[in-house]
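A.B. asks: Sequence:
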Amino acid sequence: MSEGERAELSGEGPAEGASVRFALLGPVRVRQAGRPLSMGSPQQRAVLAVLLLRGGRHVAVDELVDAVWGEDPPRDATGVIRTYVSRLRRALGPDADLLRGEAGGYAVHLRAGAELDVEAATRLAADADTARAAGDVERARELRRGALDLWDGEPLAGLPGPYAERQRTRLAEWRLSLLEGQLELDVETGRRAEAISELTALTAAYPLRERFRELLMLALYRSGRQAEALAVYTDTRRQLTDEVGVEPGQELVALQQRILRGTDQPAPAPVTASVAPAQLPATLPDFTGRDHLVEELGKQLVQAPHMVVAVSSVSGIGGVGKTTLAVHVAHAARESFPDGQLYVDLQGWGPSPVDPAGILGSFLRALNVPDADIPESLTERAALYRSVLAGRRVLALLDNARDAAQVRPLLPGTEGCAALITSRARMAHLVGTHHVDLDVMDPDEALLLFTRIVGADRVAPHRPAAMDVVAACGFLPLAIRIAASRLAARRTWTVAVLARKLSDEHRRLDELQVGDLAVKATFELGYGQLEPEQARAFRLLGLVDGPDISLTAAAAILDRTEEDTEDVLEALVDTSLLESVAPGRYRYHDLLRLFARTCATREEPQAEREAAVSRLLDFYLTTAARVYELGRPGDTLIRHLAPVTHAGLDFDNQHTARDWLFTEVECLLAAARQFAHGDSLPRTVDVLLTAKDLAESGLHSPRFLRLATALLAAAEEAGDVRSQARAHVVPASAHQFTGRFELSYQHAGDAHGSAGARKDIRESGEAANDRGVTASVLGNLDDARYYLERALVAYRADGNLDGESRALSNLARVHLDAGATATAIELAEQTVEIDRRAGALLRMACSRYHLAIALNQAGRHADALAQLDLAVTAFGEDRMGLWVGLAHFRVAQVHLSMGRPAEAASYAEKALSQLRGIGGDWHRGSALTVLGRALDELGQADRARACLSEARDLQESGSTQAPQG
Numbered sequence: 001m002s003e004g005e006r007a008e009l010s011g012e013g014p015a016e017g018a019s020v021r022f023a024l025l026g027p028v029r030v031r032q033a034g035r036p037l038s039m040g041s042p043q044q045r046a047v048l049a050v051l052l053l054r055g056g057r058h059v060a061v062d063e064l065v066d067a068v069w070g071e072d073p074p075r076d077a078t079g080v081i082r083t084y085v086s087r088l089r090r091a092l093g094p095d096a097d098l099l100r101g102e103a104g105g106y107a108v109h110l111r112a113g114a115e116l117d118v119e120a121a122t123r124l125a126a127d128a129d130t131a132r133a134a135g136d137v138e139r140a141r142e143l144r145r146g147a148l149d150l151w152d153g154e155p156l157a158g159l160p161g162p163y164a165e166r167q168r169t170r171l172a173e174w175r176l177s178l179l180e181g182q183l184e185l186d187v188e189t190g191r192r193a194e195a196i197s198e199l200t201a202l203t204a205a206y207p208l209r210e211r212f213r214e215l216l217m218l219a220l221y222r223s224g225r226q227a228e229a230l231a232v233y234t235d236t237r238r239q240l241t242d243e244v245g246v247e248p249g250q251e252l253v254a255l256q257q258r259i260l261r262g263t264d265q266p267a268p269a270p271v272t273a274s275v276a277p278a279q280l281p282a283t284l285p286d287f288t289g290r291d292h293l294v295e296e297l298g299k300q301l302v303q304a305p306h307m308v309v310a311v312s313s314v315s316g317i318g319g320v321g322k323t324t325l326a327v328h329v330a331h332a333a334r335e336s337f338p339d340g341q342l343y344v345d346l347q348g349w350g351p352s353p354v355d356p357a358g359i360l361g362s363f364l365r366a367l368n369v370p371d372a373d374i375p376e377s378l379t380e381r382a383a384l385y386r387s388v389l390a391g392r393r394v395l396a397l398l399d400n401a402r403d404a405a406q407v408r409p410l411l412p413g414t415e416g417c418a419a420l421i422t423s424r425a426r427m428a429h430l431v432g433t434h435h436v437d438l439d440v441m442d443p444d445e446a447l448l449l450f451t452r453i454v455g456a457d458r459v460a461p462h463r464p465a466a467m468d469v470v471a472a473c474g475f476l477p478l479a480i481r482i483a484a485s486r487l488a489a490r491r492t493w494t495v496a497v498l499a500r501k502l503s504d505e506h507r508r509l510d511e512l513q514v515g516d517l518a519v520k521a522t523f524e525l526g527y528g529q530l531e532p533e534q535a536r537a538f539r540l541l542g543l544v545d546g547p548d549i550s551l552t553a554a555a556a557i558l559d560r561t562e563e564d565t566e567d568v569l570e571a572l573v574d575t576s577l578l579e580s581v582a583p584g585r586y587r588y589h590d591l592l593r594l595f596a597r598t599c600a601t602r603e604e605p606q607a608e609r610e611a612a613v614s615r616l617l618d619f620y621l622t623t624a625a626r627v628y629e630l631g632r633p634g635d636t637l638i639r640h641l642a643p644v645t646h647a648g649l650d651f652d653n654q655h656t657a658r659d660w661l662f663t664e665v666e667c668l669l670a671a672a673r674q675f676a677h678g679d680s681l682p683r684t685v686d687v688l689l690t691a692k693d694l695a696e697s698g699l700h701s702p703r704f705l706r707l708a709t710a711l712l713a714a715a716e717e718a719g720d721v722r723s724q725a726r727a728h729v730v731p732a733s734a735h736q737f738t739g740r741f742e743l744s745y746q747h748a749g750d751a752h753g754s755a756g757a758r759k760d761i762r763e764s765g766e767a768a769n770d771r772g773v774t775a776s777v778l779g780n781l782d783d784a785r786y787y788l789e790r791a792l793v794a795y796r797a798d799g800n801l802d803g804e805s806r807a808l809s810n811l812a813r814v815h816l817d818a819g820a821t822a823t824a825i826e827l828a829e830q831t832v833e834i835d836r837r838a839g840a841l842l843r844m845a846c847s848r849y850h851l852a853i854a855l856n857q858a859g860r861h862a863d864a865l866a867q868l869d870l871a872v873t874a875f876g877e878d879r880m881g882l883w884v885g886l887a888h889f890r891v892a893q894v895h896l897s898m899g900r901p902a903e904a905a906s907y908a909e910k911a912l913s914q915l916r917g918i919g920g921d922w923h924r925g926s927a928l929t930v931l932g933r934a935l936d937e938l939g940q941a942d943r944a945r946a947c948l949s950e951a952r953d954l955q956e957s958g959s960t961q962a963p964q965g
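Residue numbers (this note's numbering): 1 to 965.
Check the hints yourself; a few may be wrong.
[As the list claims (entries may be wrong)] What follows is a set of in silico ranges between Cβ atoms, one per label pair, in the way DEER data are often shown: (1) GLU666 x VAL793: 37 to 47 Å; (2) GLU562 x THR379: 14 to 24 Å; (3) GLU71 x GLY158: 15 to 25 Å; (4) THR234 x ALA713: 46 to 56 Å.
Hints were generated in silico from the structure; no laboratory data involved. For each residue, glycine too, the CB sits at the ideal point set by N, CA and C.
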């Protein structure tokens, strides 16, 4: 925290407003207008400290003598004190009047514009207590952190005398008290991962301070680590009885009993002052009719405080207005749910219904649960969701559900909450649900809706024709809205013209039917009124899977400029045939996408459909290749990609490029999966290779691996040897990061054989490198050296600096495992230099990571930590979360080697927090092992055993060796 931020928190305004600042929470320092002043000898500074800490009160000279020298003052101590005061005034210059002589003594009076850090910290702490009492926990946490940030080491550092010693003790104890309060707020607001890391170090530094132990137990328990929490109690009790002969305090004993009973709920709702979620889409200003249903559903919702949980379900055919009705009712009932309204489109009738686990993650984040506290499994997320909602009044609108199984985990579990569901299917299997079967509008409602959209001045003179239009629409709200929107946008048309256009019974819904046919007829009404270019766009864009599509990708499909494409897409948005979900991003309603594909099959020649898809693949491949090229300079992959004819995007810098990749990940992977066949197969495999950073980040590894498996199966079925070799390379690398080394070895061997057969020099290098890595991990050092040297030859023949660096790094690890530490360091240093020359920042971070491992083994611990510090910074900037976690794990290992178990435990906790949900159980097991060893050295034997036991359980399911990277 900067001085300006501290001053702002303390209510003093910007830092520049203080002419002189005195600091005692560290070495005694004085700054005047930002410039440091020299305040003389330690004894002279001790005099200043005494005066400052008296808060403007008079201090007699005798008291000053006693404070500085105690029972052993020098001769003429009084004269020495006067000399010190004189020199202090001289040093203060224009602020000398702050130090005043008063009746045989002195005092420092701080006026406006002068500040003492002790007083600032006191104010911040008091303001924090006030904020917490008012319920503003986040503000309290910010203020308390501001107070703690004012400390700069040991208070009154280097000052002599009994007074300074007493004050040092007092201020140090005050800091620990503030720290306890800060960590209590961290645990309370759900920042448990960070709290565990800090508390682990603090319990090692202050083993007899029970409050730190209590907070650590609470944070561990609420993070689902009950065994460790109880082990902390056991360790604490043994240490207290062994060292001081006392039992733990009542608070610690009571907490242990609550944990044993399981009555202290894990992960309660974070106490924050954030705004309640208000996710409901906007209600339509022209909402029409449905009065009795609005009243019926509204009554059900307002009964929520008196029911276990109020669930209402609205079902009906597509386009009948289920979502419109539900949103309108939900808005009308908002006041009954002051703690928030949640909303999700479950896409139940699309090709890929939304996974309830993903939705629960989004809901929990909206309810202020930190990412680090959201569990992985659906069952655990559903349980946490219900726990967070307990005692709250929240409405969940679950739109477009597939079936009861998709919805059930998303239902609240306590009174006061309610759920409103829409679906084409009746939720008959949801016990206790109030069901509403939504039919089409009655004629008067349908005509009123049409009139509100088009305008009474245009409809009133042509009422019979208008009734013909809504009748031709089958009184289906979506059809009426589409037709009316087209008429409203065309001022030269009359209602009669629209009625004539809809008079053909083949384009009109004669009767309601369940299923797609009725919906298709409704959509035909709007589609038939599109301009030719709009209709073409509607058809072609519907060919592509994915949650949405960007403007630039749509332009590639349509083979139009971005400007022309945007005009067409916005016209489709205006007619409700497409949704604008964000600037430059569009999506179909799931049924509209199916209808668009039907139109494309019916009206577009196969060659044009294939050309549109080919342009999209070219766009994704060339753009992903540019991202890869910027992030991995010196790599030759770009030269070995399948040929393309359509250009992609260019980027000014690596960060913009990476933003694109992480934004487009869902669409990119969906397109690769959808078009992995025929002539498109080589490009879909290459898309995966160019997007490999998505897998290495850890966030998308599982989906990436599943897609690679699907592409491999497609390549084998097609007999495409090139694609087989490349598709094997992806899982060979990905399995290394999840600890499944046997599988990695198999895939690398298959890739090596396929690449060698077709003399693919780059993939031969990749396969040999992966084969060498896994051979080394599995303890086959001779095979590892053989394959890595072959990889090195291939990479050098191809001019692939990135590959050369990776092969040398892995060879360094082989030499390290063989005991040739000096050779390992030499090779690792070569890789760093190669990456530096190439400007490959991410690759250099990986090389530094490997160099640090060798340096640690050589006993050069400080050098190892320096390399890891640089690596962590680079990994973080590139969103490589998995690598950040691995680097923290290595830092913990270094500290353990240096005999610093407290620091090792702290970094092991950071690694566990970072690796949660990414990288597989193997890495978590490795971090737990280091944590367990560190805790054992700290004397926390029971918690250490709990960690080591969990680590063994995790690692028994995979390899027992370290990952190479």
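A.B. asks: Decide, hint by hint, whether the structure agrees.
C.D. replies: To see whether the hints hold, each was checked on the structure:
1. GLU666 x VAL793: 37 to 47 Å: Roughly 39 Å apart at Cβ, these two residues keep to the hinted range, so it holds.
2. GLU562 x THR379: 14 to 24 Å: Cβ of GLU562 to Cβ of THR379: about 45 Å, so the range 14 to 24 Å is violated.
3. GLU71 x GLY158: 15 to 25 Å: 21 Å, holds
4. THR234 x ALA713: 46 to 56 Å: Cβ of THR234 to Cβ of ALA713: about 51 Å, so the range 46 to 56 Å holds.
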